[in-house]
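Peer 1: Chains as they are written, first to last, in our numbering: chain Y, 1 to 674; chain G, 1 to 302.
Hints may be right or wrong, so weigh each one.
What the hints assert, rightly or not - The following label-pair restraints were derived from C-beta to C-beta distances:
1) Y:Ile359 - G:Ser158: 53 to 63 Å
2) G:Gly48 - Y:Asn530: 17 to 27 Å
3) G:Leu33 - Y:Ile559: 28 to 38 Å
4) Y:Leu34 - G:Ser158: 38 to 48 Å
Bear in mind the hints are in silico, worked out from the structure with no lab data behind them.
Beta carbons: idealized from backbone N, C-alpha and C, even for Gly.
Here is what each chain is made of, one letter per residue.
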Amino acid sequence: MKINQFIKGIGILFTLFLIIASSSFPQTIFKTPLSPRNASYDLDVHLNTDTKIIDGFEVLHWKNLSKNNIKELRFHLYLNAFKNTNSTFMIESGGQLRGDKINKEADSSWGWIDVISMKVKNGGDLTDKIKFIHPDDDNAEDRTVISVPLERPVKPGQTIDLDIKFRSKLPQIFARTGYAGNYFLVGQWFPKIGVYEYPGIRYAKKGGWNCHQFHANSEFYADFGVYNVSITLPKEFIVGAVGLQTGEKENKDGTKTVKFHAEDVVDFAWTASPIFKIAEKQWKDVKIKVFLQPEHFAQADRHINSAINGLEYFEKYLGKYPYPNLTIVDPPIYAMGSGGMEYPTFITAGCLWGAPNGIKLTEMVVIHEFGHNYFMGLLATNEFEEAWMDEGFNSYYETRIMDHYYGRKTSFLSFAGYHFGDLEMQRQSYVDMTNPKIAPGFLPAWGYKNGGYGSITYGKTATWMATLDRLVGRKVMDEIMKTYYARWHFKHPCATNFIDVVNEIVKKRLDDKFGTNMNWFFDQVLYGTNVCDYKLAGISVNKIQKPAGVYDSSGVKIIYNDNNNLEDSSDYKSRVSVYRLGEVTMPVEILIHFNNGKDSLLTWDGKARTFNAEFEGKQKVEWAKVDPDEKLLIDVNFINNSYTTKPETTIFRKYTTKFIFWVENLMTSFSMIF
Amino acid sequence: MKLLHSYGQGFKQTFSSKKIITILYSILLLLALALAIPFSKTIKVEAGNSMAITKLLNDFNYTVYTDFMREAGKSIKPYISTAFWVAILYLLFTIFFSGGILTFLKNREADKSLKVFWQGCAIYFWRFFRLALYMIILQIIAFAIVYFPLTAIIASISKTSIEPTIFYTAIVGVVIHLILFITLLTVTDYAKIMMIEHEEYRPFRTLVRSFGFVFRHLFSTIGLYKFLLVFPILLFIIYFLVIDKIGMSTGLTIFITFILQQLFIWLRVFVKVWFLASELDLYNRFENKDEPVFEGEPALES
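Chain G with its partners taken away, still in its complex shape (with noise of 0.2 Å):
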């Protein structure tokens, strides 16, 4: 089955590419220790020498950390709204990289040298930022025509429902909510590797024949995507469940839970760059039948 061998495909050039994977998660680790630094800072000088703050250390303290973030919240919040700044940032290096991880998977070379990773993100940057601004507006019309009909509905039926009727249908609202959400990712993803691998320059026309395209193969390419939704949601539950167990009271399990932490992350870049991975695979398995996808691979069959 074309999803499945896409599945794994997707997987042995992910694996391959871990200098790619790498540099991308160096820059979100940077990123964040730009914030975290003066962060630490801050919460060092607003506690001062107090020792109330300790109680926070093995367990959570809602008196000290309502006190605390009433005297030092002034200091600390502008951190949180610093970070969906810097979150809005990476969006714009996530649409940068995504010429180059493709243009890097889609190399034939034996020798995939990071030259032509940093010479596909500066060659489909424009592109894929106009293409990503198309992919908003469409994602913000999606919320619209799902949570605002959807909200009206409540709003009306509350004053007579109760909880299991406005909990359905709110449960049916963010459904359709998220099938539309997955669907549009997908075609996004199918857009990205058709400029790379049609050299088109139009982003919005390339966009209508990614519907096209996700619409003919409706079973592989949604398929494709859920699937590969089943790993990053196991790492969750595998993730809270080991650091659970740890704790972060000690300097030493503090330590292990960074590590566990940025292999997490690390996990998180290597899922994305996977999901780019079989989307390229199962594409040219349907579009490129008589040549081989990658080297090594066996030529499909017409």
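Same shape as in the complex, but just chain Y (with noise of 0.2 Å):
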């Protein structure tokens, strides 16, 4: 009986503290790792929400994946871009970002991170060593970067782990993180180690640390691994995060402390206020979280069935989402500066109280930001450096999707008789750049020194993108974005990786058609600057006249003259110009229409500055169009790509008549001040 009961009671022993171990140690996500995870953390943070200060604890797990003893480490300390005007990101960006401009008067509106102490495990304290650097401009007073010199060097293939107290402050939400009345979104605050690249990776011919100062423009680049991150705040705090929630425990001083779980993810970032209204559904594997204000909770299906739309369509068309879990994160109207952003499994989108459904601005959003989870947060680009590839690529995306949900022409906008899609919009964004020759797509973010980067990176690269599925089809455009996906998720490719995607297909399944490569497209849309304009110049239509003068035949000279004349040819001889007048050359198909109602196509490689083509018949040229396809969306004028020898007067009429109404309707509005 004795051991019986002494049996039972070690059952129960046992039992009570599986209970307890289990929820402790987070729970595995994936049965084997997606990515090298070579640059894990786990976080024990506490959020002051009257001070806006988090103090925490960070374990850093950091793999040399190279073949180099590497005796520093670099890490980014992104909250310094906010602690004062002399900050190269404040320098670049005059204190205003995405809407929002840092209140100089206000002491609380700054931001700031400090390491307080950072050891080795098992080994030195590294904390006096550490020094500021600044990799990118002579800007001593940028903080945003530290190197950190190691006493033994981290040997390939080994493991360094560090402990790193830190403390930030949130700033005032400015430039996507911090806070806003009781309303947090705290992101790019801890100290997050750099990308040491190695031959393999991107460009690199050596070994180097891939660490760069936060800039007005840039966004982030970070290796991939696991998070284990304990929040603790105020009790009455709702929180969402990166991952998945694992455990959440009452303390006894009126706070909570609250676990998330991530794995194979590049960032972590969480939110917290204490109004949130939470919205979730599952989507197959998927679950949706929606963290809204509580005004714009009536816009909750909004936001879910455009994240159900990403997620279906990057499933067919690229490849399926890895993550058991997808949240959204509706921000105040006070606080939209941090609106529009994404981290892995994370995003924040933006909405505005009582908006109707034919303004799409909350699809547009929540699709876009959910699209970064591929372009940034599984294809791992450099964001300093090839911002193109993260913010150009989703918003092709972005595009196909808006477009293929709600309408060509009205996936953006239908609104009281106004309409327009949004690959409609991105390629406005670039044609419409008062120049748009500026800059080149590949540029570093903080390159572009007399603006332009947001209609360059997203709205060029994303006409591009479109015109490239335009010429070499659809079909081949999914072939490439899959293999690339396929090929490079989890990693960090670059430029060169998905140019050489493209060639391999295209020449796989479209032989020579485009050349032995399509680097010459490249060399003109993304390194280049120059514009495309194809314009159909004119359309000339003669008879064809008798013969008159002096002719040889047969060794005898006749003469034609009105006497002895042939009757005039009864035939017409049309000429058809095309000319090119930007410096970009595309191969372009002409379609000409004939009064008999024929139509002839014809191509060309579009080099030349001229294309002539010349018809001789009874039939007489019409109309012809450059491009009728649409296919060169990069073009910069559509209107000058047709021409027609019978213009239509009707759309004048209309247009008339509509101005007159206007000008009446705007001096009787005038006279009734009187």
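Hey, can you piece these two chains together into the complex? The hints should help.
Peer 2: Here's what the structure looks like:
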């Protein structure tokens, strides 16, 4: 009896132990790691919601995947970009970004991060060795990058564990991160190790740190890892974050501790507010959770449905979303600076109370930010140096998804008789630039000294991606992108990696249709700044004249004059002229329509300055179009792409009538004043 | 009720003033055509022989519209700015015609000739011009006293407030401004009537007296103005509903739309005169209780 009771007691104790133990250890999401997981973090942090300060303890597990002995580590301290007006970020941005301006008068506006101590686990103290560096410019006041020399190098394949104590002060919402009232969006908030690139990664010919300062236009770049994060804050706050919530415990001091676990991700961000209202939906094996402001709760379905559209589309045309969850945060209107941002499995959107369904801003933002899970999340490109690879590619997919689900001409706006689609809008953002030649797409984010970053990285890239899509055909384009994704997800691809895939697939499927490779395309649209503009310059149609004068025929001279002439031919000579006004050359089609109803489709390599096509016969050319299917979306002017010998006048009557009415209404409205 | 009576009488008088309305409408149309004819030529030249522009015939096309405006904007935008100047010119015409309209309406002669109208225009123009200047200044002041504090309030609350709060705050401001705007318009109309009825030469003094009159008979004066607004609001709604069904994609539908649009404009001018006629009637009902207001009308009982 006593033995039985003893065994029973041991069993109970063991069960209790298992229960306690399982709540401390994070669950495993993926049986097999999907990524190298060479930069993993355990974070235990406390947020003081009054002072907006986070006190944190970080354990970094960093593995050296290179063949070099690494003698120093480099970290990003992104929050120091908001420390004062002398940071590189502040100088470049002029103190404003994404519609927010830093309030220089309020002490609480600023943000910063201090590394209080850094020690190698079971090793030396590195704190005093930390020094600020500025690899991109001469700004000694910039504190967004630190270099930490090591006492002992990290050997190839070895992992170093660092205990880092830090303190972060969140800024008032500015440039994606911070607080506004009781709302917190905490991004780029902990000491984050840079990426050590070595041969095989991007352009590296030898090993070296890729750890840029935080610039006004730049975003981020990091390695994959596992995150275990424990957040302690006042218990009334509702918390959402990257990854899965694995625990929540109330503490005696009126706080609670919430735990999160994420695997194979490049970043960790989180949000907290006491007033979030949550909507949830399960789509296949992905749990979608939306943290909404109460006044926006009526738009929960718009968020969820657009997320599902994104999940569905990407699964079909690029690759399956590998994570089990997606969190969407809806910021309050006074914190919109934190909206429209992406982190792995966690995005911030933004909507307006009462926004009509015909204005698809919410859908566009959700789909765009979700898409970043692929472009920068899974295909972890360097957003500092090649922003076009995430923003541009993602914008291209955004246009595809929006136009697919909401209509090519209505996907962004359909309201009061006016409408336009997402792809239309992206193209306009490029072709409407005052100077579309201002900079190439292939440029570091801080290289856009005279502006153009947004239009070039987003709009121009999306436009030339869509042009490539139409040139090679959707089927080939999908194969290109699926191959690129399959080969490079959970890695750090660069431009040449993508171009290599394009060349491979185009050659395989289309042979030499576009030459031996597609480098000519990228040389112009990505590396170059020239514009594309083809013009259907004119059509001339003339009756073929009877001959006149002296002609030799079998040694005999024949004179043609009015007495012995043949009748005028009833044939016509039509000539169609096409000009290349821009410096970009693209293969182009020319559609010619004759008065007998027949069409002729010609192809031209688009290289010479002019192209002429002549036709003789009874038929006359009536109209012609260069690039009739609008494959060359990169063409900056579609108005000059066609020419007709019989211009339609009804359209002018329509707009003249509208103009008369508009002017009359303007006059009668003014007359109301008296 | 005086208000309703004046509403009806105003309509009758306006209806019998169709000649005047047609003159005003014709000037409107001529001014619009003066801009529209060169505008039409410009867009034809800019479009050239392009076929792209025809995509705008059946429906709005964002790509074609924006590409066209980017290429032709420099030629077209001056028409927009000129239209605003033409509108200001028409405002001057309105000031000019107001004297004639009121003189014409006031005239108790059976034969209401246009000579009376033109004489009234000339006689009262300078006085009405000064009155208009005072009124514009008052409207600017009303705008400023509402929107400057409103903007400051919204700027301060937007740092912590949600959209409904900002929206309703803005709505309150807009409603207050609307009330002030309508009150000032009403005061202006009665000032014009007083100047003609009493041959006043001092617009500012008349304006002050007009304020007094309006506030003494607030319900009737403002009430009549709001009641008169119902018809133009309905007109707008009906117009948009009808036009939406017709479209403008063929020569015939463009012509039908043009006719309907011109009818709409003619009615807007009609409404403008209707306002003055109704207010004139109401004023006389309050001020001239022992005299018939219009020929054929019984005298009011005191």
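Peer 1: Within 53 to 63 Å: is that where the Cβ-Cβ distance between Ile359 (chain Y) and Ser158 (chain G) falls?
Peer 2: At 20 Å between Cβs, range violated.
Peer 1: Could one say that the CB atoms of Gly48 (chain G) and Asn530 (chain Y) fall in the range 17 to 27 Å?
Peer 2: 25 Å, holds
Peer 1: Is 28 to 38 Å respected by the C-beta to C-beta distance linking Leu33 (chain G) and Ile559 (chain Y)?
Peer 2: With a Cβ separation near 60 Å, Leu33 (chain G) and Ile559 (chain Y) fall outside 28 to 38 Å, so the hint is violated.
Peer 1: So does Leu34 (chain Y) sit 38 to 48 Å from Ser158 (chain G), Cβ to Cβ?
Peer 2: 43 Å, holds
Checked against the numbered hints given earlier, this structure breaks hints 1 and 3; the rest are met.
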